[in-house]
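There are 2 protein chains.
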Amino acid sequence: MEEPTIDQIKGASERITPFIHNTPVLTCEAINERCDRKVFFKCENFQKVGAFKIRGAANAVFSLDEKEALKGVATHSSGNHGAALALAARWRGVESHVVMPKNAPRVKIDAVSEYGAKIYFCASTLKAREERLEKVIKETGAAFIHPYNNTRVIAGQGTAALEFLGETPELDALITPVGGGGLLSGSAISAAALSPETVVIAAEPEGADDAFRSFKSGKLVPSVDPKTIADGLLTSLSDLTFSIIRKYVSDIVTVSEEGIIRAMRLVWERMKIVIEPSAAVPLAALLEKGGSIPGKRVGIILSGGNVDLSSLPFSKLN
Amino acid sequence: MEEPTIDQIKGASERITPFIHNTPVLTCEAINERCDRKVFFKCENFQKVGAFKIRGAANAVFSLDEKEALKGVATHSSGNHGAALALAARWRGVESHVVMPKNAPRVKIDAVSEYGAKIYFCASTLKAREERLEKVIKETGAAFIHPYNNTRVIAGQGTAALEFLGETPELDALITPVGGGGLLSGSAISAAALSPETVVIAAEPEGADDAFRSFKSGKLVPSVDPKTIADGLLTSLSDLTFSIIRKYVSDIVTVSEEGIIRAMRLVWERMKIVIEPSAAVPLAALLEKGGSIPGKRVGIILSGGNVDLSSLPFSKLN
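Residue numbers (numbering that gives the first Met the number 0), protein chains in the order written: chain A, 0 to 317; chain B, 0 to 317.
There could be a bad hint or two in this list.
[Said to hold, decoys possible] Derived pair list, reagent style DSBU-like, types lysine-lysine, alpha-carbon separation capped at 35 Å:
{"id": "1", "chain 1": "A", "residue 1": "Lys37", "chain 2": "B", "residue 2": "Lys9"}
{"id": "2", "chain 1": "A", "residue 1": "Lys9", "chain 2": "B", "residue 2": "Lys37"}
{"id": "3", "chain 1": "B", "residue 1": "Lys226", "chain 2": "B", "residue 2": "Lys101"}
{"id": "4", "chain 1": "A", "residue 1": "Lys117", "chain 2": "A", "residue 2": "Lys226"}
{"id": "5", "chain 1": "B", "residue 1": "Lys37", "chain 2": "A", "residue 2": "Lys117"}
{"id": "6", "chain 1": "B", "residue 1": "Lys117", "chain 2": "A", "residue 2": "Lys37"}
[Stated by the list, open to error] Here are a few chain B residues that face chain A, going by a calculated C-beta distance under 8 Å:
{"id": "7", "residue": "Gly49"}
{"id": "8", "residue": "Phe211"}
{"id": "9", "residue": "Glu268"}
{"id": "10", "residue": "Lys271"}
{"id": "11", "residue": "Ile272"}
{"id": "12", "residue": "Val273"}
{"id": "13", "residue": "Leu308"}
{"id": "14", "residue": "Ser309"}
If you are wondering where the hints come from, they were derived from the structure by calculation, not from laboratory data.
Every residue, glycine too, gets a C-beta built ideally from N, C-alpha and C.
With the hints as extra help, turn the sequences into a complete structure.
This is how it looks when you write it as structure tokens:
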């Protein structure tokens, strides 16, 4: 697997634009005041399947040749990537197979199922996932579309920043959350090519700080028993995303669980939009560790909006 | 008090446009499928103070002559109108006085306070509110801006439909929630003038169905001990709004509490936007009583987005 080029990201954009939303960029005066800067939010919570993940999945699925595609696609995912792959496969008219941990949020299981994927449940360890997936691929011949250790997936995720930087020039900093690193590395390649003066920063929960520790130590540290409400950020970096991140990302900032919930509530209350905890992590970084983030014009990618409304965290505050 | 003309609504629009948002009109494929029609949502949840109420309040405050304005403005309100009046008064640089029931939602009390109003708490009866307000007006000489029994307020509320119908032509039906009837009557005057083929329908909670009963009986029935989660719709019609509604509104449809919560959840989950229960009432009508609502292109005004995130109703479902 190789690092995607900016041309591959532009190619991905052309390939997926007929299917996905060019999501709006919103601002909020109350948040600008609170952060003492101008903050621009790229709203991937409004994206198809409610998350940026459809960008990478759609690019990967539509990049397969006819013969590969006919055998379907498969992946393991705690949620948004699975739903995205299922929808992209439906668009192309092929089967999808998704291995999910039994403890994945109900709303995400429902979405994967609704988009027509075959779901295979497994224990919530990396080993269990990989074994189950291997079995599925052996049986079906489906193409494995990894959630982030995949050049085409990363190229697809990079299209969000491509749109963002095109519409919102002169950002001093661009912050994304980091889980496996697909969104972060795609965004970083886009920013390096299109807006080299923009500093790219990742935000990560303290309770799942493997990317932070990897970045600081220079060695890939796997995520072991992560604990965070940001359920989209539990996974480890891959060799591919880590190498891109080391090359293009300026810093990784960690945030507290309470900071994530407060940032999420601020967005819900003031912007009146629904974002998932993972999407609140960059704003939490700006609020908790603003000193680490340079500049007066800051872009944030709101990565998704899939939450279980029956069990929200807000009553834990105050 | 007289019924505002369409020219007064257009005048209000010019007067308040520099201050308010021309809110977006959104659509949602999943909701279109569920309703088997094309539904357009005018998003007043994104409006200043999080509700359409700023339109009427701003029009009323900026319509006062200099001498009147200097004495400030006063009102009673369970929430959104109070916040709106406070902000409009701040824009004009005058004082505002807001009488609120002690049991008003915390988030709404905070908003009124944050915009700089003086708050006077009272019991949650109409009588207690009116007596407290009378005292405030006597002491201050402030101009009373009634939440809906006021020509200029109704003209302001009518500007939402003015924008909506201008941007979204050929609506077969336009549905608004009805509480005191300011939004409904302003919308109905706009629709009658600009899009006479559009049927205007009001949606109301079963547990606060005074407008429904008034409309069906032809006599103004006051709201007595209303019980609904839609806390913006607890008030009674006024003589003025009732007369406008009888003249221009085609029907009033009532909905169940569970229907309101389900509609609210559908909007949050599928559109990823935050709306308050009152704003979900029209969609609840479309989902529960679709047979009463004609046409394939239906417009809904999402009246506001101010909810207390610490006590949401979703866990009551399923």
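Sort out whether Lys101 (chain B) lies within 35 Å of Lys226 (chain B), counting only the CA atoms. holds (17 Å)
Does Gly49 (chain B) hold up as a contact with chain A if the rule is Cβ-Cβ below 8 Å? holds (6 Å)
When the least beta-carbon distance from Ser309 (chain B) to chain A is tested against 8 Å, hint result: Constraint on Ser309 (chain B) satisfied, holds at 5 Å.
Are Lys117 (chain A) and Lys226 (chain A) close enough, with their CA atoms no more than 35 Å apart? holds (28 Å)
Does Lys37 (chain B) lie within 35 Å of Lys9 (chain A) when you go C-alpha to C-alpha? holds (33 Å)
Take the shortest C-beta to C-beta distance between Phe211 (chain B) and chain A; is it under 8 Å? violated (28 Å)
Would the pair Lys37 (chain A) and Lys9 (chain B) pass a check requiring their Cα atoms to be no farther apart than 35 Å? With Cα atoms ~33 Å apart, Lys37 (chain A) and Lys9 (chain B) stay inside 35 Å; holds.
Hint validity - Ile272 (chain B) Cβ closer than 8 Å to any chain A Cβ: holds (6 Å)
Minimum Cβ distance from Val273 (chain B) to chain A below 8 Å? holds (4 Å)
Holds or violated: Lys117 (chain B) with Lys37 (chain A), Cα cutoff 35 Å? holds (31 Å)
Is the hint on Leu308 (chain B) kept, meaning its closest Cβ partner in chain A is under 8 Å away? Given a least distance of 4 Å, the restraint on Leu308 (chain B) holds.
With a cut-off of 8 Å, does the beta carbon of Lys271 (chain B) approach a beta carbon of chain A closely enough for the hint to hold? It holds, given that the least Cβ distance between Lys271 (chain B) and chain A is near 4 Å, below 8 Å.
Of the hints listed earlier, the one the structure fails to meet is number 8.
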